[in-house]
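Number of protein chains: 2
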Amino acid sequence: MTRRLAIEPLTAEAFAPFGKVIEVSERAKHFPINAGMAERYHDLAPVEVRGDGGKAIISIVRATPVTLPLTLKMVERHPLGSQAFMPLSDRPFLVVVAPDSGGRPGTPRGFMTRPGQGVNYPPGQWHGVLSALYAVSDFLLVDRGGEAKNLEEFTFAEPFLVGVAE
Amino acid sequence: MTRRLAIEPLTAEAFAPFGKVIEVSERAKHFPINAGMAERYHDLAPVEVRGDGGKAIISIVRATPVTLPLTLKMVERHPLGSQAFMPLSDRPFLVVVAPDSGGRPGTPRGFMTRPGQGVNYPPGQWHGVLSALYAVSDFLLVDRGGEAKNLEEFTFAEPFLVGVAE
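One line per chain: the protein sequences are A and B, in this order.
Residue 120 in the working numbering sits at position 120 of the first sequence, with consecutive numbering throughout.
Residue 60 in the working numbering sits at position 60 of the second sequence, with consecutive numbering throughout.
Keep in mind the hints are simulated off the structure, nothing from the lab.
Fair warning: there could be bad hints in the mix.
Any copy will do: because identical chains look the same in the list, a pair fits if it lies in one copy or spans two.
[As the list claims (entries may be wrong)] Straight-line Cα separation of at most 30 Å, BS3-like style, residue types lysine-lysine; simulated pairs:
{"#": "1", "residue 1": "29", "residue 2": "149"}
{"#": "2", "residue 1": "73", "residue 2": "29"}
{"#": "3", "residue 1": "149", "residue 2": "73"}
{"#": "4", "residue 1": "55", "residue 2": "149"}
{"#": "5", "residue 1": "29", "residue 2": "55"}
The structure presented is a predicted model; accordingly, all values stated were derived computationally and were not measured.
Can you make the complete structure from the sequences, with help from the hints?
Shown next as structure tokens:
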């Protein structure tokens, strides 16, 4: 039976167990730079790289949009590095994460971003693949480059339908 | 006497001596991910962190726009880390860089971005401060966090006027 997941608004509090929300927030440490011409919202998320031969790199991902409700068949995780996705457009996107439960993903949760919000997954965080909405959308991606097995995928026995009332 | 600098269009070739242009480009290595739902333009720029206690962090800078022509009085550089600036809006911004000449900046050059272009300065690259245009603009910043002296500033004996015909 397909299980149904509602989509929650993305907030720093709700997302805290899964990673960081990258956004301008008065609760972040912030301070003026450039003689007051700019305000720096500082260290919103760390870039983490583990394992031999790893390095942090900056890429762009151009994503085809999904449609809602989304049929979620699998999630993945990257044990050796964090992944930050920051939208380069004002369009929201869908963020799906799952807690770890003994090396497998537990029940997923779906979050809808507001314009100006990105996310950072720490190493090992189960998540759905990048899910743009409405139009082809570009995202800045900061993650680990270099050889090494840095991908685990998990296919659910039954898919979840994300984006309908529970 | 104030010296005048024209503004050039930002291209990967013209900018190569000063850093990387972060943009979707067919000349970059790129490949499909997420079962073909996205295209990854891979490793457009490295994140470099040097010195004890340094780490790569993700911040947002909210910049007040400058007006053109810009009076350029100083440039700065960060010996211990790269700095990537990616606009989170579609507005162009002004990028000013200078070659190093025996530990001091040589003659600066000014570049105008197109929408979708960001830049990455390698460690030690002389550059002007972030110069948004037209409206208050947010930029994703990937650079070095942690204590250490990671800023050198140089004030020109005579300012440059950037954005007028030479």
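Checked against the structure, which of the hints given earlier come out wrong? none
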